[in-house]
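S.K.: Each chain, letter by letter, is given below.
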Amino acid sequence: MMANTLDVESLKVIVFQLADKEYAIPVNQVQGIEKTMHITRVPKTPRYVKGVINLRGVVTPIIDLRERFDLNTSGDNDSTRIIIISLDEMEVGFIVDAANDVMDIPKESIEPQPEVVGSLEEEFISGVAKVGKRLLILLHLDKVLNTLK
Amino acid sequence: MDTNQYLEVFIDESKEHLQSCSESLLELEKNPENLAIVNDIFRNAHTLKGMSATMGFEDLADLTHKMENVLDAIRNDKIKVTPEILDVVFESVDHLEEMVNDIASGGDGKKDVIATVELLKKIELGEALNSSVQNNEVAATTNVEAAALLEYDDFELTVIQQSQEQDFMTYEIAVHLREDCLLKAARVYMVFELLEKMGDVIKSSPSVDKLEEEQFDNDFYIAFVTKEPAEDIEKKLLKVSEVDRVIVQSIDHQALAKAMHGPTEQAQVEQVVLEQPQQEVVKIAPADAPAAKKAPAKNGAGHATSKTIRVNIERLDILMNLFEELVIDRGRLQSIASELNHSELNETVERMSRISGDLQNIILTMRMVPVETVFNRFPKMVRQLTRELNKKVNLEIIGAETELDRTVIDEIGDPLVHLIRNGLDHGVESPEVRRAKGKPEEGTIVLRAYHSGNHVFIELEDDGAGINREKVLSKAISKGVVSKEVAASMTDNQVNELILSSGFSTADVISDVSGRGVGLDVVKSTIESLGGNITIESTEGKGSLFSIQLPLTLSIISVMLVEIEKEIYAIPLSSIIETSIIRSSDIMNAHNQKVIDFRGKVVPLVFLEEIFEVPRNETADDEFHSVVIVRKGEKMAGLVVDSFIGQQEIVLKALGNYLTNVFAISGATILGNGKVALIVDCNALIK
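Quick mapping for you: the protein sequence lines, in order, are chains A and B.
Under our numbering, residue 254 is the last one in the first sequence; the count climbs by one each step, no gaps.
Under our numbering, residue 698 is the last one in the second sequence; the count climbs by one each step, no gaps.
In short, the hints are calculated from the structure, not lab data.
For clarity, every value in this text was computed on a predicted model and none was experimentally measured.
Backbone N, C-alpha and C fix where the C-beta goes; we use that ideal spot for every residue, glycine too.
Hints are supplied without guarantee of correctness; some may be wrong.
Claimed, not checked - Which residues of chain B face chain A? A partial, calculated answer using Cβ under 7 Å:
no.: 1; residue: I575
no.: 2; residue: K577
no.: 3; residue: P615
no.: 4; residue: F618
no.: 5; residue: E621
no.: 6; residue: F623
no.: 7; residue: K664
no.: 8; residue: G667
no.: 9; residue: N668
no.: 10; residue: V673
no.: 11; residue: F674
no.: 12; residue: I681
no.: 13; residue: G685
no.: 14; residue: V687
Generate coordinates for the entire structure from the input sequences, incorporating the hints supplied.
M.R.: Put into structure tokens, the structure is as follows:
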């Protein structure tokens, strides 16, 4: 599929969907992708913290990225997934509308974030990549996770 | 020589030896005339010297050697024990401790101790000038050891006597193996084999068992009956490879008997030990005898009866983790069994639960360590500090045998050091002030540990100045910790707890003991990170009581599961007093707070549904409310829930690094059905 990029230095990413946009996280930060399961609500936390799940014996907090970025949530359906990411000893799950692709993005196709994106998610974006006709938004995971404190 | 595999054992044992050294030193300070104590210290130091030399820590061995010389002079009555001399010896022990700690943390144990060494030498030479014996120090020491280290019981004395009557010669043989000797047990075997051909070995020190297990440094001593002349024995033994030195001296039965039953204190003490039926190694036994009274479980080295193995704490952690998984599955099985209601399945599950309960107890107790391991370094610290501060303080330790989880033990040391330093510096007044106040000159600090329910309490009580409310408040206001308005309405206990907040120090003069204002808030945060809490009670002029409450274990706790709407919460049993069901009409209003009358006490109600913002589908206005009465110290609160589910053992899990400091939630657990339930932090709910 990506034959034309094989000999170029590339970044392997997981592609997922939020509302109508496509986002990407480097694959080495992803621990796994889970179907939705029972989430235990944790009181007195920000609205986008949905709660915690039992991920094979480990209590893992879940963030709803749609709420984090103030996107319209369409509610959970069959394609809703939880992407488990791991960053600096932290394991967190992201609720996304769909996660369906692993992709190699040529590094040269990654561009810095455009000046105006026009939504609150701006600060979380580390860059955008154009692959064919698709526009992938690369996330700054540190910032997505950090602002809680 | 590759000594890495022995390093851990070496560090542990060195610490034990140093510990008993300092304990004995404190003892000696109280009874400077008791030479038996000097002997204890000497033996500990001697073993330490041997071990460190074997392991190649020259500085450690050297300093121990110098210290040993002084001790030797003391026990041979060449020097009188004075506080000044003890100070120097204490200092040496401190240096030794630092060196061992350095080695433990991967260093090479090197330290510049010239000053101390000079002092030790001065003490030693101060007397050595009068007695020329000291010149030939090495030989002299060896001889003294040979004579001192072999003691005989009546039976052995009789054997010696009888063999002498039959024209046998009795020798004491000191064998010194080369420092780099690798197969010590094999060399010992060869020595013994040689000797057995020439005569009979009466006894050895260390005992044969210990020799075979290589539990000795490079020297061992043998009492030997033979007809061969001493020179021959010496020559033959020297042929055994890796034997460095052999000293053979003949002993006389009469002189021995006299020495054994002689009037000196040392002999008496050792005689007592020798009356034990077992041929205990004298070198170790006297050192152990006093220690054994205090710590029956500890000091495995000398007790042949209690067999112990050293297990890496990591392995215990892995075992614990695996067991936690098992407990989760046990919960799951229990809930499946209760759903299916199959009698045989129920029976099996019940049996399994019982067995795993026993298993849990064993695993938990395996990780338990007496707090003594933390407490025992305090007497020395207090002694040193009181001298620095020119105060008189008596430290009383109660309940040192109380056991706590190893992980808690590891963490609790530093906070306690801070608290004791604080108590000494700010709490107990100087003797002059105390006299003026009509108190005894000597202040008392009581360090107390005890179990209560699922918790261990460690209390530090002093009879010092107590906390001055006004002083604390004005300080807190000037430091911006509280505002003036808030300050006026604070209770005494709240004021007391201000001294635990960061950036706080009430000492008028900042001393180097405490008062940098960094101590007590660290204490608080460490204790809270262990799942415990600290409270302060204080009466001005009378003293203060710092009470630390710690969980017995960190991983498995008993909880009461409760339900609010569809959500399940766990309330630790340790904070629950009882549960009850109340009528709506029983609820009274005090100000804006709903309260109930619970056994004659007014208890505020906390509606968990409101605190936890539980989403309600329909507002149920029940006539009855389920209430869990919880306590925090003296204070109580009633947590209102929808219904009680039951009691269960759960595995405590953290919420992860992302969700830190969630209000009133101390952690989470996984229930039998695989769902996560949150654990309510009752301490946060009680104001």
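S.K.: Name the hints, by number, that the structure is in violation of.
M.R.: 1, 2, 3, 4, 5
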